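Order-wise, the sequence lines are chains A and B.
135 is the number of the first residue of the first sequence in our numbering; add one for each residue after it.
135 is the number of the first residue of the second sequence in our numbering; add one for each residue after it.
Worth double-checking, as some hints may not be accurate.
Any copy, or any two copies together, can satisfy a pair, since identical chains are not distinguished.
Unchecked claim - Lysine to any residue pairs mimicking SDA-like chemistry, simulated, CA-CA at most 20 Å apart:
1. 517 / 223
2. 506 / 168
3. 506 / 537
4. 506 / 166
Treat the hints as calculated values from the structure; they're not laboratory data.
Bear in mind that the values here come from a model prediction, so they are computed numbers and not experimental data.
There are 2 protein chains.
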Amino acid sequence: MPVNLSVPRPQDLHPVPGVKLGVAMAGIRKADRRDLTVITLEEGTQVAGVFTRNRFCAAPVQLGRAHLAAGAGIRALLINTGNANAGTGEDGRVRAFTTCVALARHLELAPEQVLPFSTGVIMEPLPVDRIEAGLPAALADLKADNWAVAAEAIMTSDTLPKAASRRITLGGKTVTLTGISKGAGMIRPNMATMLSFVATDAAIDPAAMQALVTHAADRSFNRITVDGDTSTNDSFIVMATGQAGHAPLSQFDSGDGAVFREALTAVAAELAQAIVRDGEGATKFITVQVDGGRTEDECRLVAYAIAHSPLVKTAFFASDANLGRILAAVGYAGIDDLDADRIDLFLDDVSVVVNGGRNPAYREEDGARVMKQSEITVRLDLKRGSAGTTVWTCDFSTEYVRINADYRT
Amino acid sequence: MPVNLSVPRPQDLHPVPGVKLGVAMAGIRKADRRDLTVITLEEGTQVAGVFTRNRFCAAPVQLGRAHLAAGAGIRALLINTGNANAGTGEDGRVRAFTTCVALARHLELAPEQVLPFSTGVIMEPLPVDRIEAGLPAALADLKADNWAVAAEAIMTSDTLPKAASRRITLGGKTVTLTGISKGAGMIRPNMATMLSFVATDAAIDPAAMQALVTHAADRSFNRITVDGDTSTNDSFIVMATGQAGHAPLSQFDSGDGAVFREALTAVAAELAQAIVRDGEGATKFITVQVDGGRTEDECRLVAYAIAHSPLVKTAFFASDANLGRILAAVGYAGIDDLDADRIDLFLDDVSVVVNGGRNPAYREEDGARVMKQSEITVRLDLKRGSAGTTVWTCDFSTEYVRINADYRT
Numbered sequence: 135m136p137v138n139l140s141v142p143r144p145q146d147l148h149p150v151p152g153v154k155l156g157v158a159m160a161g162i163r164k165a166d167r168r169d170l171t172v173i174t175l176e177e178g179t180q181v182a183g184v185f186t187r188n189r190f191c192a193a194p195v196q197l198g199r200a201h202l203a204a205g206a207g208i209r210a211l212l213i214n215t216g217n218a219n220a221g222t223g224e225d226g227r228v229r230a231f232t233t234c235v236a237l238a239r240h241l242e243l244a245p246e247q248v249l250p251f252s253t254g255v256i257m258e259p260l261p262v263d264r265i266e267a268g269l270p271a272a273l274a275d276l277k278a279d280n281w282a283v284a285a286e287a288i289m290t291s292d293t294l295p296k297a298a299s300r301r302i303t304l305g306g307k308t309v310t311l312t313g314i315s316k317g318a319g320m321i322r323p324n325m326a327t328m329l330s331f332v333a334t335d336a337a338i339d340p341a342a343m344q345a346l347v348t349h350a351a352d353r354s355f356n357r358i359t360v361d362g363d364t365s366t367n368d369s370f371i372v373m374a375t376g377q378a379g380h381a382p383l384s385q386f387d388s389g390d391g392a393v394f395r396e397a398l399t400a401v402a403a404e405l406a407q408a409i410v411r412d413g414e415g416a417t418k419f420i421t422v423q424v425d426g427g428r429t430e431d432e433c434r435l436v437a438y439a440i441a442h443s444p445l446v447k448t449a450f451f452a453s454d455a456n457l458g459r460i461l462a463a464v465g466y467a468g469i470d471d472l473d474a475d476r477i478d479l480f481l482d483d484v485s486v487v488v489n490g491g492r493n494p495a496y497r498e499e500d501g502a503r504v505m506k507q508s509e510i511t512v513r514l515d516l517k518r519g520s521a522g523t524t525v526w527t528c529d530f531s532t533e534y535v536r537i538n539a540d541y542r543t
Numbered sequence: 135m136p137v138n139l140s141v142p143r144p145q146d147l148h149p150v151p152g153v154k155l156g157v158a159m160a161g162i163r164k165a166d167r168r169d170l171t172v173i174t175l176e177e178g179t180q181v182a183g184v185f186t187r188n189r190f191c192a193a194p195v196q197l198g199r200a201h202l203a204a205g206a207g208i209r210a211l212l213i214n215t216g217n218a219n220a221g222t223g224e225d226g227r228v229r230a231f232t233t234c235v236a237l238a239r240h241l242e243l244a245p246e247q248v249l250p251f252s253t254g255v256i257m258e259p260l261p262v263d264r265i266e267a268g269l270p271a272a273l274a275d276l277k278a279d280n281w282a283v284a285a286e287a288i289m290t291s292d293t294l295p296k297a298a299s300r301r302i303t304l305g306g307k308t309v310t311l312t313g314i315s316k317g318a319g320m321i322r323p324n325m326a327t328m329l330s331f332v333a334t335d336a337a338i339d340p341a342a343m344q345a346l347v348t349h350a351a352d353r354s355f356n357r358i359t360v361d362g363d364t365s366t367n368d369s370f371i372v373m374a375t376g377q378a379g380h381a382p383l384s385q386f387d388s389g390d391g392a393v394f395r396e397a398l399t400a401v402a403a404e405l406a407q408a409i410v411r412d413g414e415g416a417t418k419f420i421t422v423q424v425d426g427g428r429t430e431d432e433c434r435l436v437a438y439a440i441a442h443s444p445l446v447k448t449a450f451f452a453s454d455a456n457l458g459r460i461l462a463a464v465g466y467a468g469i470d471d472l473d474a475d476r477i478d479l480f481l482d483d484v485s486v487v488v489n490g491g492r493n494p495a496y497r498e499e500d501g502a503r504v505m506k507q508s509e510i511t512v513r514l515d516l517k518r519g520s521a522g523t524t525v526w527t528c529d530f531s532t533e534y535v536r537i538n539a540d541y542r543t
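Pulled out of the complex, with its shape left as it was, chain A reads as follows (with noise of 0.2 Å):
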């Protein structure tokens, strides 16, 4: 059951001008499901991404970063579910191309305007006739108001679809920002199993876009986790049409600039925490906050430690007030001159833990009374700094064994 999370309304999801979307059912693994999603872009669509860190990443991954460096203008984007196309060497790269070139060729297009995206199984060859003959009907279908039919079609061991869409003003123009994700499992910074797709008509200057995307995605998709499992296909692209007819932006501080990169942060981070709250078996929603560090990195340290524990994990599930597991964990999180002794804990406004202690006022019913609500705050003070951060993660239940236990049967 996802954690407060609903099918998004297709009206609430606004087109984006300049970006239509088709999907197709070619049955890629399992029959009568959309698999195959095509997003065509306006031609002068600035487009830009952040990709897996897994040094095993994909060939769809290989093959899109080597076409956005090629600089001939992302026009198209080919997404299907069922087979991730990871742990498939050379032949992999092969099948990854030999679609592009199929689209690209419905589209009077060179290949290297495609982006190609894979999800799904690993280490089996992707079916590329049946993605080849599948393509027409999803050209067949594209239109700029299917977000929300796409978001279902992108899905693997999603149980809802994921979408986020608002509108904001720049410049005396409505500007709209619209996205999808998916994933459930294999969920944690440096991304995942993880698919995203945001578009927005905003006008962005090219040479601004990828530290856009960045501050974006290391705001949202860099700050999840459900299970430390970092997957080889993880990507979050953004598009920006630049038909909203408002003059471009190009710096992010202040001003019009700093509205938009707010709204976009925002869009990243609803998909990022849709994808945490479908987490595979997750009952509870928790957000780790960490404060009082000397450094962000070393606040990570400490927020992932307790993000990644099973044992804390197991504990919320049970809505179990079972703190000493999370001292535990910042404990073993890496910081080896951290002061145990300084340690403040809260779980949402309750005092748990006082100077590495437990705080003698705290009553054991105050901690289960949180524990048993379905969205958490697990907060930290080191009080050793000023910096701090914020992971989301999930809880760690029986079904989420059960879940991949029996992923491939």
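Chain B: place on chain A using the hints.
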């Protein structure tokens, strides 16, 4: 169900001259179970230990380190289960010391000659009164052939007691090594809620003790992982009474010293592996061997990425040769310049991946056959150097979650 582990037979656990053990029911957390253990050592016994590196190390660990450093000559160990005396701050240290004082008084020792150990729930006050009240019964029970009973008395969530014993000959004299261990969850390198006590009547140069213990720990307890959580209380203690009558050993690279060090390491490895075999919810014992690395450190990174991955561990539980999950873990292990296109992967003797891609000769049924076994070796060749390492772990089952979600209830 522990994996290929059985209750040690008392007659297989050789007494160690100079060492006695006594246990008692002190009602520390549960009634009617042996939860208090005293080990006494003849004067002149050399004692050294390795402790958790968790910054939240428990009160008894802090005290134990200090007592060893004091150099007064350790003459007794006091071990309780049911309460870890961790996350208890200054009050916890006072309580731990109070129990040392109580035992020292009975034995006419200084408190610094006692090492305290606690395991069980964290962040609850150690019931000093019950421990004090239990001491006379434990002392009345002291005998040399009590190892099997003590192995049981130190258990927490262990399903079986763990012990190992062997005899070697040094300079014509029989030398005995006998040890016990406990722990089943929260296990990971740098120790875990893992306690182990090994005694020998070998004579060891005091100056050499610490290096000897570290050597054995690095090849045993620091190579196991159940769930990646490192506890606050882990301790591995070696006690050498020197009563065997051979010439004291001061170097261990050859001759009798090497024979002894190998025996000690083997006993430690057996005790460490017993912990994994009894890992919470374990159904399989997995050896992860990484070869061909540039350094042992990078091999360890890769081995632990595999051994900690919930996706890999649930696939073992499901007997699913989902090898992509193993490759994905290799990819995010943290070796930035890893060439994924060179990696070979084996499941026991079955070649699965060659040069980063699926071996064309690999058949799913061969992988499936290995995955059904109760003991599996995953072997990886990074083909970039000559370093290697091995770690031991277990699979990840629905039972693990059940155990850890119910632990305090």
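Evaluation of the provided hints:
1. 517 / 223: Classified as between; 17 Å across copies, 48 Å inside a copy.
2. 506 / 168: neither (37 Å within a copy, 34 Å between copies)
3. 506 / 537: between (23 Å within a copy, 19 Å between copies)
4. 506 / 166: neither (39 Å within a copy, 33 Å between copies)
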